[in-house]
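Undergrad: Here the protein sequences line up with chains L and D, keeping their order.
With my numbering as the guide, the letters of the first sequence map in order to residues 1 to 291.
With my numbering as the guide, the letters of the second sequence map in order to residues 292 to 591.
FYI, nobody ran anything at the bench for these hints, they're computed from the structure.
One should not assume that every hint holds.
[Stated by the list, open to error] Covered stretches of chain L (chain D as the covering partner; in silico rule of three or more C-beta atoms under 8 Å from a C-beta of chain D):
no., stretch
1, 120-127
2, 132-138
3, 155-168
4, 212-223
5, 238-244
Every residue, glycine too, gets a C-beta built ideally from N, C-alpha and C.
Chain by chain, the residues:
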Amino acid sequence: MAATTIATEAKTTHSTSRRRRSVEGKPFFAVAFTALFFVLLYVPIVVVILFSFNSKKSLSVFGGFSNRWYVQFFNDEGLQSSLRASLMIASIAMVGALLLGTMLALALERVSSRPARAVGTVSLVPLVTPEIVTGVAALLFFTGLGLKLSLVTVIIAEITFSISYVAVIVRGRLSSMSGEVEEAARDLGCTSWQALRFVTLPTIMPALIAAGLLVFALVFDDFVLAFFTTGVDPQPLSVRIYSEIRLTISPAINAVGTCMLAVSVLLVALSLVIPRLFGRKDSSLDLISGG
Amino acid sequence: MSTDLQDAVAATLPGAKRQSATRTRLWGWLLLPPAAWMIVFFVSSILIVVALSFGTVNANGRPAFGTSLANYQALMNTTYLTVFIRSLVYSVTTVVLCMFIGYPVAYAIALHGGKYKNALIAALVIPFFASYLIRMYAWSTLLSDEGLVNQALHTVGFTDGVQFLNTPGAVVAGLVYGFVVFMILPIYASLERMDIALIEAGKDLYHSPLRTFFAVTVPATRAGVLGGVLLVFLPALGDFVSAQLLGGPSTFMIGNLIQQQFFESQNQPLGSALTVVLMLALLVFMVFYLRATQRQNRET
């Protein structure tokens with residue numbers, strides 16, 4: 001789930017890469033291997049999508065196209081309430097994480113006191129902590145306080161986990177922004193708040209949108225944290241799918257899975273494309289990566 | 292504007308110092324809500340896990356804090372040790388496989404991707420934002436005894452069929468599939484940053500492309516490989532979904548044990564002790580990792 005963080009590393013330098021082609025001959029092994037890799041990467045996803053349209057109740061024999069599993073999914077009140085729960089969790093967690101993560105990024109870029117640096121370090125720890133540890137910790141925290149597990153506890157846990165992602169992406173954008181612009185705004189009579197509102201926020205807006213979309217996608221799909229912190233009813237969609245696939249094999253799960261895949265692909269694709277709409281010429285991947 | 296210059300200018304202006312002080316205070320206030328959130332919901336909850344690992348389950352089945360080492364003593368038997376060692380073996384195997392799969396892929400995209408480079412990286416990243424659970428579920432249906440893979444094997448003559456699920460191979464394959472992107476991206480980034488003249492010089496020096504690759508390219512991308520090792524090892528060691536969906540009790544990892552203690556045995560103190568063991572293992576790994584990267588930084 002830490003794809004955004006590592007993507008931070010993935011910055012492209014176009015000038016050298018074009019020259020690079022001529023330096024080495026095409027190693028056929030690496031190219032063929034990569035082609036095979038991409039096939040294997042997509043096979044399970046294609047199979048899920050294909051069998052979600054299967055007219056038979058089988059996961060291995062394809063009997064022609066049908067939308068029966070989608071009809072079943074949209075008429076299943078349990079799955080529908082889980083879908084609504086997941087959408088709600090992802091929306092609220094996105095807003096919460098954006099607010100807190102942006103505050104954190106703005107403060108860390110400008111305050112270099114010892115406590116601020118400590119907070120900066122602590123805020124990176126969730127990124128290198130396996131989700132099961134975060135999940136166990138959140139579960140014990142909530143039950144220790146005597147809180148009833150519900151969608152609220154899921155939302156709190158998801159925000160805690162997403163703040164770091166937002167902070168990393170927004171800090172990347174902030175650090176590439178010249179401090180002089182804000183300085184100039186203040187020289188022209190802006191208060192600190194006005195400079196933040198009218199200069200800094202518009203500049204980091206593409207990063208905020210990308211971070212928001214990514215957090216939505218991550219939280220919407222997240223299973224482990226939701227599994228540890230959810231109550232009984234309604235359960236988030238991923239937790240519901242988990243309990244269903246352990247009990248029975250139902251092609252309706254393929255339909256649910258296809259819808260979930262569509263949501264995340266759409267969000268991630270948007271977060272890649274949006275910087276172009278803002279007229280940034282550099283690679284849109286830089287934005288996901290916080291460049 | 293350099294900070295020295297800023298300070299010098301600021302000193303000459305009346306009221307300027309006061310302004311910069313309020314500005315810092317403003318940013319200080321901004322830090323407060325996220326810092327408070329992280330301390331309340333993250334730091335303190337981790338401390339609760341550590342505290343409860345020394346606790347007990349009282350007569351009516353409720354967890355209670357304490358100062359007992361009983362949970363850790365309970366972990367010192369062969370059943371648990373087998374699972375610890377198995378988790379380590381699976382995770383290390385996953386890291387090694389990710390390295391051998393990820394390096395050629397990163398290399399081909401970085402050096403031969405041409406104008407499709409960004410599209411290829413996007414095609415690589417997008418599936419990894421799709422639900423991990425759904426992707427593991429997809430493999431479990433593909434690899435099942437009546438799944439498509441076995442059907443394909445049947446048509447080419449392997450009439451007996453091959454049992455994939457419930458084997459260590461399936462669990463490791465699931466982990467590799469789940470986390471290989473975390474290996475590819477840092478290697479790709481370090482290949483992109485690498486100075487092209489190094490390869491040219493290597494060609495002149497060694498003639499053979501293969502020798503150039505091992506003497507020049509691999510050392511120059513060591514930081515990327517190390518980054519990938521960290522990013523794959525951390526989630527792999529704590530995973531329980533792959534072993535749950537593609538494996539069985541004979542392939543359970545430490546994550547499955549933790550999950551069992553919380554949802555089946557209802558022994559939260561023992562589950563906490565298991566979680567602390569997992570955190571300690573990762574901490575030891577991080578210390579070695581940081582040493583290795585520091586050495587790398589000194590050498591270069």
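Undergrad: Which hints, by number, does the structure contradict?
TA: Those not satisfied: there are none.
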